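**Q** Start from the sequences and build out the full structure, keeping to the hints where you can.
Residue numbers (UniProt numbering), protein chains in the order written: chain R, 1 to 273; chain G, 1 to 247.
No wet-lab data here; the hints were simulated from the structure.
The model shown is predicted, which means the values in this text are computed figures rather than measured ones.
In this text, a Cβ means the ideal position worked out from N, Cα and C, and glycines have one as well.
Treat the hints with care, as some may be off.
From the structure, some residues in chain R lie toward chain G, with a derived Cβ separation under 8 angstroms [what the hints assert, rightly or not]:
(1) 171
(2) 172
(3) 174
(4) 175
(5) 177
(6) 178
(7) 179
(8) 180
(9) 181
(10) 189
(11) 190
(12) 193
(13) 270
(14) 271
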Amino acid sequence: MADPQRLERLSEAEAKPVRRFGKWRVGASLLRLLSPLAILVLWQLASLTGVLTPHILASPLDIAKTGARLVASGELVTGLGVSFLRVLAGFAIALVVGIALALAAGLSRVGDILVDPPIQMLKAMPFLGLLPLFILWYGIGEAPKIGMVAFGSVFPIYLTLHGGIRGVDRKLIEAGRTLGLNTFGIIRHVVIPGALPSLLVGVRYGLSIAWLSLVVAEQINASSGIGSIITYARDFLQTDVIVVCLIVYALMGLLTDALVRLIEAHTLRWRSW
Amino acid sequence: MSALVDIQGLSRSFGRSPVLDRIDLRIEAGEFVALLGRSGSGKSTLLRVLAGLDEADAGRVTLPKRRSIVFQEPRLMPWKSVAANIALGVPNARASGAVALALDDVELSHRSEAWPLTLSGGEAQRAALARALVREPELLLLDEPFASLDALTRLRMQGLVRELWRKHQPAVLLVTHDVWEAVTLADRILVLEDGRFRREVHVALNHPRRRTDPHAAALEAELLAELGVEQADHHQHHNPHSERIEP
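**A** Okay, here's the thing in structure tokens:
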């Protein structure tokens, strides 16, 4: 996902059909917007003619208006703040726990034997199905939601960092030893920077899972946050509000992903030349 | 006076086959020794023991504390700039100007802040050499450091190593399978075969040693024969430097 060479190849593959248009490249990428716009127009027409009732799905224009209204009233921003803090708290826990476990398992044989098997077993479990248990344990407050976010996103962080540590070039570790580095120095100067590209892939993946977990956890019971806005809207058949909230979730996912990519571009600049 | 490196009865085996078989080796301070041998002769194992990367099964090994090694690959940390790589493991090396001096030694000052992945093969190997020298080693171990360089770069590197050896005076143990390289650089040449030293030659020729020098050429031919390479024609060296110009 974060491998620049792979990304390069991806963009090359994407660029191929565009190249046929030659100097019309800008026009060509505009052409790619044609079908999404057509779908929006058809959707709007279906709503106007009554084929699509607002109870099934609101029209694009209504959704846009509702979005503007929710933003203006402050309702959306408040809800988003609460939801964002849940993701932040849950993901922070996942980051600390995931990195600690991966270091323990990746750096010592004993740690690997003790830590890896239970995590591999837990990983096999569909974690969204744990929600009822989390509610039983933690009630319906913030804890089960933050817990779900943390539980869901800890695995990609652990797995990618563990793999990254294992994949660090033995020859570089050897070179570090000949330079007189102690174990701590090897970890700091060789292992961690060497495993960082993998960890950042895990962070990006973990963040997408964090938002997914939040969406599910907030659906079940929430008195605040975007999930509660959706729950109210469901009770009053406001499909426009639901779609606005879904778009907000998507935008937040994109935004946090872009943030990690920014960090990636900075910390991994040694390989983007 | 005791030697800088004093090895007695060193043995090392992997499984049942002995790789090093009761080896004795003494290297004096400031001496330039070349170690020749075919692949599998045990020369890399010996070097790894000297570098502290491998343990001896048996024998007595006395080594100086300050040792550095340059591998066949540069083994620079790709996430550290050239200067940071050289400073690695040497406290205060950047502040004291030691890094700048080392970079100057290998003529790499202009690349000091470059990422290793942007260096050419020769530049990367020069950075690795600087990283080894900044530690002011008493013993410099070179594990086929020129093997993956192109012929012209290799010649330049050989000259550079010789020059820096004269300037800093470390004892050098150069592992190579390039016989001419050993003849041009070393004071003493050891031939390792099946885990034992088969031949020891003190090279008393003047520097710079040229191919046109009949003594040097004769020594090369002799060592090649020792390694099992028969030369049908005197001009037909196994050496890639000359192979290029043969029709």
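**Q** Compare the structure with each hint and give your call.
**A** Hint by hint, here is what the structure shows:
1. 171: 6 angstroms, holds
2. 172: Cβ of residue 172 of chain R sits 6 angstroms from chain G, so the hint holds.
3. 174: 6 angstroms, holds
4. 175: Interface hint status for residue 175 of chain R: holds (4 angstroms vs cutoff 8 angstroms).
5. 177: 7 angstroms, holds
6. 178: Interface hint status for residue 178 of chain R: holds (5 angstroms vs cutoff 8 angstroms).
7. 179: With Cβ-Cβ at 3 angstroms, under 8 angstroms, it holds.
8. 180: Since chain G brings a Cβ to about 5 angstroms from residue 180 of chain R, closer than 8 angstroms, the hint holds.
9. 181: 5 angstroms, holds
10. 189: This hint holds: residue 189 of chain R lies near chain G, its Cβ roughly 6 angstroms from the closest one there, short of 8 angstroms.
11. 190: 6 angstroms, holds
12. 193: Holds, about 4 angstroms.
13. 270: At about 4 angstroms, which falls below the 8 angstroms cut-off, the nearest Cβ of chain G leaves the hint on residue 270 of chain R intact, so it holds.
14. 271: 6 angstroms, holds
Violated hints: none; the structure is consistent with every hint.
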